[in-house]
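Asks: Chains A and B are the protein sequences, given in the same order. Be aware that the first sequence starts at 29, since it is given in the working numbering, and climbs by one per residue. Be aware that the second sequence starts at 976, since it is given in the working numbering, and climbs by one per residue.
Calculated from the structure, these hints are not laboratory results. Even for Gly, the Cβ is constructed at its ideal location relative to N, Cα and C. Be aware that a few hints might be false.
Stated by the list, open to error - Only pairs whose alpha carbons sit at most 30 Å apart, straight line, appear in this in silico BS3-like list of lysine-lysine:
{"no.": "1", "chain 1": "A", "residue 1": "K545", "chain 2": "B", "residue 2": "K1083"}
{"no.": "2", "chain 1": "B", "residue 1": "K1146", "chain 2": "B", "residue 2": "K1204"}
{"no.": "3", "chain 1": "B", "residue 1": "K1083", "chain 2": "A", "residue 2": "K177"}
{"no.": "4", "chain 1": "B", "residue 1": "K1275", "chain 2": "A", "residue 2": "K177"}
{"no.": "5", "chain 1": "A", "residue 1": "K330", "chain 2": "B", "residue 2": "K1204"}
Claimed, not checked - Stretch by stretch, here's where chain B covers chain A in the computed footprint (C-beta under 8 Å, at least three residues):
{"no.": "6", "stretch": "300–307"}
{"no.": "7", "stretch": "429–443"}
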Amino acid sequence: MTRRFQNIIIGAGHNGLACAAYLSRAGQSVLVLEASDVIGGAARNRDLAPGVTVSPGAHLLHAMPADLMRELNLSEHDLSLAATDLNTVSLAVNGEAITFDGDTVTGSAVSDADKAAYVRFNKDMHRFTKALGPALEKLAPEIAIETWKQRLDLMGLGWSIRKLGRYHMREFLRIIGMNFYDLLDEYFENPQMKAAIAMDALWGGEWGARSMGSVLTYLYRMAGYARNGDVGIAQPKGGMGAVSAAIAKAAKAAGTDIRTGARVKQILVENDHAVGVELETGERIEADRVISNADPKQTFMKLVSPDHLDTGFVRQIKNLRARGKAGKLHLVLSSAPKFKGVDTVNLGSRMIIAPTMDEIELAFNPSKYKKYPTAPVLEIIMPSVNDESIASDGRHLLSAVVQYLPYDDTPDEEANRTAFLETVLDQLERYAPDIRKQIIEAELLTPRDIEREFGMTGGHWHHVELVFETFLFNRPIPALSRHTSPITDLYLCGAGCHPGGNVMGIAGRNAAQLILKGGK
Amino acid sequence: MTSIITNNERPLSERPILETPFYPSYKHLIQNDNYEEWAGYTTLASFADVGQEYFSVRNTCGVYDLCPMIKYDICGIDAERYMNRLITRNVKKLLPKRVTYTVWCDDKGHIIEDGTVFRLSATEFRLCCADRQIDWLMDCAIGYDLVITEVTDAIVGLAVQGPVSCKILKKTGFDGVEKLKIFQLESFSLNGYEVMVSRTGFTGDLGYELWTNAINAADLWETLFKAGKPHGIRMIGSEALDMLRIEAGLIMVDVEFMSCFHTVKYDRNRTPFELGLDWVVDMNKGHFIGRRALVEARQKGLKNKLVGIDIDWNKRADGALIYNSENCERQIGEVTSALWSPILKQNIALAYLDAPYFEGNNDMWVEVYMHRECKWEREVYKCRVTEKPFYNPDRKKLTPPLDL
Ligand SMILES: Cc1cc2nc3c(=O)[nH]c(=O)nc-3n(C[C@H](O)[C@H](O)[C@H](O)COP(=O)(O)OP(=O)(O)OC[C@H]3O[C@@H](n4cnc5c(N)ncnc54)[C@H](O)[C@@H]3O)c2cc1C
C-alpha cells in the first residue's frame, strides 16, 4: 500500500526543503522527490578528494532571513556558522589590497575622500534597501488591481518608497533602473574599489556593471544582509550542504518524506488540475497538489505537456533568459596559499579579483558570444581556513566563483574547459604566485556542468535571470509571480519565483504559506 | 522537433502582387477591372454584373477563385494533439476525410482567426484561413513533433457553388462526387492528375471546393468550364460572395470581428461566445488555447453578442446604429454587415446587440443614413432579432443532390 500525500515537491533544493518544512509543520503530508542522490540542490556538499568537502554550488550564506532560521530551528538541527561577517578583500597585483569591513575601507591606495564616500554610500544604500527589502520577503504584490487586498499590497511598496521623503524618493527613482557603473562613478575615485563593490551586483547573472538595472540587483544583495540577523557574509560549518541538511532535518522532524534518486519525468494533469507525477522509472505517484522546486523553464517546457498550456504562456517561458554565467573553481592545496597583500588573518575573508569595472565588462563581453574571458573575475574563499572539518591533513580548499563563462554546448566543450582552467590559474597566479605548486587537485565547473550537476536550466544561479524586468510581479512572468500557475494545484517554490535566487528559502516559505492559506 | 517549410522563393516583402494560376484562364471574362488585393494576390471584386454573379450561385453555378486562401499542411505524429490544442473544436471527433469550420484563440480566449480544418488522414491536416498565421503556428508547435508547410502558392483552389454544381462536377469527370456528404472530402483523378474535392463553401448553398497542384490550374479550369458552359457556369467576384455569405449568416474577419493580433483597443477583441459561435467551442474536450479564459468569460456572461436581424423597409442598413426606441434614446447595438437579400426579399443584417436585447424579445430601431441625390437623409426603421442562417436551402445538405 502506498501512502497518498497531500503535497509532492519536485526537488530537494533548499527552497523545496523549506517549503516542505513549513507545510509539514502545519500538519500537511509532504513527499519530496529529488532527482539527484544528494539533497540541497545548488546548496549541497560533496567530496572533492578523500577528506575534502566542497560546496560545489553556493559557498557563502548571506541572504537567509534570521526569522526563517529561527522558525525552522536550524541551530537545533545542527546548523552552525564557522564564520560570520566576513570581510571582503579586493586583491591587487601590486599587493595594494583593499579591505572592506563594515563601513570601513582600508588600503594604501584608498583616498580619504573615498573612505568618507563609502560611509555615505552605505548609508544611502541601506536607506533604499529598507524601502525595497520588505517587498523582497513577502509574496510579490499583484499588478491586477481588482480587490482592496491587492491594492493595499501594491500601495505598501509604494508607501515604503514614498516614506523615504521627497529627496530620497526622487533619488531612489532616479537610480533604481540605472546601471551600477555610473552610480559608482558618482561616489568613488578608486577603480579597484568600485570594481569590488560592483561585483556584488553581478554574481551569477548575465549582466555587467554597465547593464541596466544593476543598481537594483545590488540592492537585492543588500536586502539579504538586512534580513539575515547581522551575520553578514557567513560560512556555515561543514559547508553549504549543512544549511540544506538542517532544513531537511527540520522538515523530516515535522514528518516530511524525502526520496533521493527520484527524477520526475512528468507532472500529471487531469481536468486542468495537477494530480501527481510520473518518475523516470515509470512509477506514478498521486497527490492533492504538486509543487515544483525545479526552475520554471524545466517545469513548463519539460515536466508539463504543452497540451495543458496556452501558447502565449509557453512563449513567455521559452523566452525567459536562463544563461548562467558563473562557473566554479575548486582547488585542493597542499598548504595555505599566499595572496599578495593578504595576511593570514585575512585569508579567511572573501577575496575578490576584479581590478576595474572596465575589466569586469571585458570579462563579460566574450561570454555573450560563447567565448571564454582571458582575465576572469573571481570571488575566492578558503573555507578550510575558517572550518577545519573541510579539509584534513593540513590541506586547504580554495573555492571560487568564476565569471563570466559561456554556456558551452559546442563540440569543443572538454578542450575549452581544460584550456580555461589554465586561464583561471594564470589569473590566480598573478595574485598568488606560488599557487600552482600547491595544487593537488583542481576542478572547474562551467555553467553547463552546473546544469548537469544541479539540474538548473542553463546553469543559472537564479534559475531565471534576475533583472529589472523579472522582478517582483514580473518574476518569472506575471502569471507565475505568486507561486500559483495556470494549472490548478501546480505551484512553484524555487529561485525562479519572486524574490529570486541565493540561499535564503524565502520562495519556499512563501509558497508554503500561500498554500496553507488556501492557495490564492 | 518542428520544421517549418514555406515555399516562397522570395520573401513576401519583395514579391509583387501576384496573379493567381487561374488568372490567365479567366482573364478574358473580366469586364470591369474591379480588382482587389487579397493576401498578396490580385483578385476580382466582380467580373461583370454583381447581380448576375450572385444569382449564378443561387440558380445555376458560380465559381470563385480561392488561390490566395492561406493554407498550411500540418503533419506528423503529434499533429492531432497539436490541432486539438490549437482550435476550439474537438479534433478527435474529426474523422479523416472530413472538414470542419472552427476558430482559434489566444491565451485570453480572444479570436485570432476563423477558418476550416481539413483532416486528410490520421496524421495530416490542412488549415485554411484568410490571413497568415505562421508565427502563431510555430509558437504553438513548441514541444510538438510535426512539420508545418505553407502550401498557399503550391495548392490552388476553386469554389464551385450552386444548385447545379454537382451536376457540372460529374460532367467534368468527378465520378461519384454526388456521394460526398457536406463537410466530406475525397480525392479524384482528372486528366491524369489528382484533385481533392471537398463539399464545403462560403455561400450557404450546395457547393464544392476543388484543390489541386498549381501546375494543373489551367487544365482544371478549362475542363470545368467546358463541362459547365451549357449549365450557366460563371466566375464570380468577392462582392457577390459577400452577399451570399451574409445570407448564409457567415461571419467575416475584419468585418464581424478583428483578429486579436490586430486590435489596438482591448475591448475590440472578441470571444467565440460573443460571435454566437458557442457551437464551435468544445469546453469538454480537455485543454485548448484560451480555454481557461473562456471558462471565466462564460461565468461572467455576455455583454453583447452578434445576431441576425430583420429590418422593416428595404434600404440596406450598412454600418447603422441600433436603438432601444424609435426616437433613438439609447444605443443598444450596431450593424456589421447588411444586405437587402435578393432571394429572400428581406432586409437582413448581422449586428452586435447588448444584453439583454440579443435574446430577441424586444423591438428595436435601426437608424439608417441615406445619400439621396446629394443630400443625406436619416430614417429610423423597426427591426427584430431573427434566426441565422437567413437563407438555408435543403439542397445545402441533401445527399445525393437533386439531379437538375
Ligand atoms: C556556482 C554557483 C554559486 C553560487 N553561490 C552562491 C552563494 O555563495 N550564496 C548564495 O546565497 N547563493 C549562491 N548561489 C545561488 C544559489 O545556490 C541558488 O540560487 C539556490 O541554491 C537555489 O535554490 P533552489 O532551492 O531554489 O533551487 P535548486 O538549488 O536549484 O534546487 C532545485 C532542485 O530540484 C531538483 N530537480 C530539478 N529537476 C528535477 C526533477 N525533474 N525531478 C526531481 N528533482 C529535480 C534539482 O536536482 C535540485 O536539487 C550560487 C549558485 C551557483 C550556481
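Asks: Each hint: holds or not?
Replies: Structure-based check of each hint:
Using a Cα cut-off of 30 Å, the hinted pair A:K545 and B:K1083 holds, with the two alpha carbons roughly 27 Å apart. The hinted pair formed by B:K1146 and B:K1204 meets the criterion: a straight-line CA distance of about 11 Å does not exceed 30 Å. The hinted pair formed by B:K1083 and A:K177 meets the criterion: a straight-line CA distance of about 24 Å does not exceed 30 Å. This hinted pair checks out: B:K1275 and A:K177 have alpha carbons roughly 22 Å apart, not beyond 30 Å.
At roughly 59 Å between alpha-carbon atoms, A:K330 and B:K1204 are farther apart than 30 Å, so this suggested pair is violated. Only when three residues or more bring their CB closer than 8 Å to a CB of chain B does the claim for the stretch 300–307 of chain A stand; here the count is 1, and the claim is violated. Coverage of the stretch 429–443 of chain A by chain B is violated. Counting CB-CB distances below 8 Å, 0 residues qualify, and the rule asks for three or more.
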